[in-house]
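A.B. asks: Once you've looked at the hints, dock chain B against the given chain A.
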Amino acid sequence: MSDNLAKASRHVSFLRGRERWKSAEIAFWLTLVGVYFVFPSSLVFASQILITGLFALSLDMILGYAGIVTLGHAAFFGIGAYTAGLMAAHGWHDPFLGLLVAGVTAGIAGYLCSFLLSKGGDLTRLMITLGIGLLLYEVVNSATKYTGGVDGLQGVEIGKLFGVFGFDLYGKTAYIYVLIISFLLFVFTRSMMNSPYGLALRSIRENQTRALAIGIPISACLTNIYSIAAVIAGIAGALLTQTTQFVGIDVLSFQRSADLLLILIIGGTATMYGGFVGAVVFLLAQNWLSNLNPQYWQFFLGILLIVMTLYLRGGILGGFSRLVNLFRHWRNKEHS
Amino acid sequence: MFRIGFVFVMLLCGILALSADQACAAGSTIKIGMIAEMTGSFSDFGFNIVNGAKAYMKEHGDTVAGKKIELIVKDVGGPSPEVAKRLAQELIVKDKVDFIAGFGFTPNALAVAPIITEAKMPTVIMNAATSIITTKSPYFVRVSMTLPQTTEPMAQWAHKNGYRKIYTLVADYGPGHDSEAAFKKAFTKLGGQVVGESRVPLKNPEFGPYVQRIKDSKPQAVFVFLPAGEMPVAFMKSYNERGLAKAGIKLLTTGDVMNDNVQDALGDHALGVISTHHYSVDHKSPENKAFLAAFAKIEPQRPNYMAVGGYDGMAAIYNVIKQLKGVIDGDKAMAAFKGMKLNSPRGPVLIDPATRDAIENIYVREVKKIGSHYYNVEFETFKAVKDPGK
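Those sequence lines, one after another, are chains A and B.
The opening position of the first sequence corresponds to residue -13 in our numbering, with each subsequent residue numbered one higher.
The opening position of the second sequence corresponds to residue 14 in our numbering, with each subsequent residue numbered one higher.
Please note: incorrect hints may appear among the correct ones.
Straight-line distance between alpha carbons at most 25 Å, and here's what the computed DSS-like set of lysine-lysine pairs gives [to be verified]:
1. B:297 / B:335
2. B:81 / B:71
3. A:146 / B:149
4. B:302 / B:396
5. B:149 / A:158
6. B:381 / B:173
7. B:173 / B:149
8. A:158 / B:109
9. B:173 / B:228
10. B:250 / B:381
11. B:202 / A:131
12. A:131 / B:197
13. B:149 / B:178
14. B:335 / B:133
15. B:259 / B:71
16. A:131 / B:149
17. B:354 / B:396
18. B:216 / A:131
19. B:198 / B:228
20. B:44 / B:107
21. A:158 / B:310
22. B:107 / A:131
23. A:146 / B:228
24. B:345 / B:107
25. B:173 / A:158
26. B:263 / B:173
27. B:178 / B:231
28. B:403 / A:131
Bear in mind the hints are in silico, worked out from the structure with no lab data behind them.
If we strip away everything but chain A, and leave its shape as in the complex, we get:
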């Protein structure tokens, strides 16, 4: 009996340990707060990095944790962006209301799409998500009257936050706003992924048959996670709309979905922070290289990506944790 209890408490402490905030994580978020003070002239860029990171987090939920491959995640980002944009252009200027409606709309779209995805294997899913993405792009392109088509949606006016903080040229309000929303969504995702539900998702990813055998309702789980990921992608899209006060049709482009995949793979999948780290590295590298040479920078970016994917398996965070393990191993040897 006591043996059982000890075992149970070991499991509980394992789960608790996973849920505890590690110092590295706290340092990460403090750094983001620090960015506000250290780089006051780069805040617009910093908030776009954060938005991309949040978007990548949403992809991580379905790709990294649940193992659903997708090439059309920009669809939900775009739905969120256009919902927030259309609302702001038609008189609802409150940013929070915009976020909420954008998230819900994207969530509903995600819920509906998830039924298409519960059937078929990886290849089918790739094709379906790609198709949904392209379809939405064309719909927005042809509905020029409502969306502005390729010229983009104009007249997006965003009201002040709480009626006090307006969005300024330096992007100060925008950065704080994006940081807080990202952090809240991150905390929510983190606790979800560390709950038994998160474990269930991972077991689905590893082996569907076994997961079914231990009583995990696979299709319900996938529907849930796909809808929640769509909500977060939608909110990320709405944040982009609200901070740039414009919606371009490129929010729905295939390029955005593809870049996002790259970002997540560079950062590391199923690590919670992979998306953010990938976004930081990818966008900074892009910015830095294109400033060095605006014409041929993509060549160097390509080389960088090839080297990274070849030699940094598991992404940057994967590489880091291997490095740390190596270091620990070496130190343990020293001690013994």
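C.D. replies: Leaving out everything else, chain B in the frame of chain A:
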């Protein structure tokens, strides 16, 4: 675990520091930030715009009113408004530029409207052609053209020359829809008839069936607008394969389709095609000769109308700097732009004080072979055409 955190923070700071530009004290320089499409499938846009601007600087020196002119080129990588907006913000806040210029695509220009208004930043549009752009901020000035501006003369010319039944084919996106509407409006007003309309997708279009449909409906001519680039080449191929020219269906286009860059690639296929535009490399004037010579020093490739946009944009900026004696103020600069006259390589240009758009000649041209090269040869002029889109 703490160690990883530390390393991570250091790394983050390091990378961010790299990207943070050193803001250097200006005083004897005037900075012009250019936002252009330097990479991707539209890199041709940025190539022409930026080299056009450089050609002007090469020809006229890089010192005006005692100030050195510095060009800061930023790549926006295609139609991506959020990048354009970020770049504009960085140019204003970090690089502390005095002018912003460039913009091949409309969404990129529209996206920067709120911040240039807030920063009172004079912004010169060198290509983006949707009519409404200049209404979105009082700090926009456009030295290029708008699509209705080049489309309407085509309709008028066609009617004058006895064409009554015309089919239209445009690319299925905003500017295409604009062009289709502008042509139809002008042509039917004169009493002509649009017998059919087709819209082709922007991506990998297969022109065969569309061209066949045109042939079957037997119009006297077909009016085509497609964005400059690969589409016109693909279209011309189908046009010839299906024998439209032999069936007596005349091809009328805007100058975007008969872009100077692709004339030699089109070769004999395009001979005899009529188009309306504000600039042709073949334009005969001393200004154009000087422009072509200056451009050849920068790049051996043949320039196109976007290069002229870049060239004239710089000319306008130089004028403003001279007028203000090197002390740039947003409102004063805009006042100087209004009503400015330019002796452009394309002919006389007047910046309309009311709309800040270019009033310019639109030429009717025909593709001819001169020596071993192909040119749009101008043979008729619509004088001082205003943008009819406003």
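A.B. asks: Compare the structure with each hint and give your call.
C.D. replies: Hint check results:
1. B:297 / B:335: violated (28 Å)
2. B:81 / B:71: holds (13 Å)
3. A:146 / B:149: holds (21 Å)
4. B:302 / B:396: holds (21 Å)
5. B:149 / A:158: holds (24 Å)
6. B:381 / B:173: The hint holds at about 22 Å.
7. B:173 / B:149: Not satisfied, since the Cα-Cα distance of roughly 36 Å exceeds 25 Å.
8. A:158 / B:109: holds (18 Å)
9. B:173 / B:228: holds (23 Å)
10. B:250 / B:381: Distance ~18 Å between residue 250 of chain B and residue 381 of chain B Cα, so the pair holds.
11. B:202 / A:131: holds (24 Å)
12. A:131 / B:197: holds (18 Å)
13. B:149 / B:178: violated (37 Å)
14. B:335 / B:133: holds (19 Å)
15. B:259 / B:71: Roughly 47 Å between the alpha carbons, so the hint for residue 259 of chain B and residue 71 of chain B is violated.
16. A:131 / B:149: Holds. Residue 131 of chain A to residue 149 of chain B sits at ~18 Å (cutoff 25 Å).
17. B:354 / B:396: holds (15 Å)
18. B:216 / A:131: Holds, because 21 Å separates the two Cα atoms, which is no more than 25 Å.
19. B:198 / B:228: holds (23 Å)
20. B:44 / B:107: Distance ~12 Å between residue 44 of chain B and residue 107 of chain B Cα, so the pair holds.
21. A:158 / B:310: violated (44 Å)
22. B:107 / A:131: Given pair residue 107 of chain B, residue 131 of chain A is violated - Cα atoms ~37 Å apart, limit 25 Å.
23. A:146 / B:228: violated (57 Å)
24. B:345 / B:107: holds (23 Å)
25. B:173 / A:158: Judged against 25 Å, a Cα distance of about 58 Å means the pair is violated.
26. B:263 / B:173: Measuring from Cα to Cα gives roughly 15 Å; hence the hint holds.
27. B:178 / B:231: Roughly 9 Å separates the two Cα atoms, so the pair holds.
28. B:403 / A:131: Distance ~17 Å between residue 403 of chain B and residue 131 of chain A Cα, so the pair holds.
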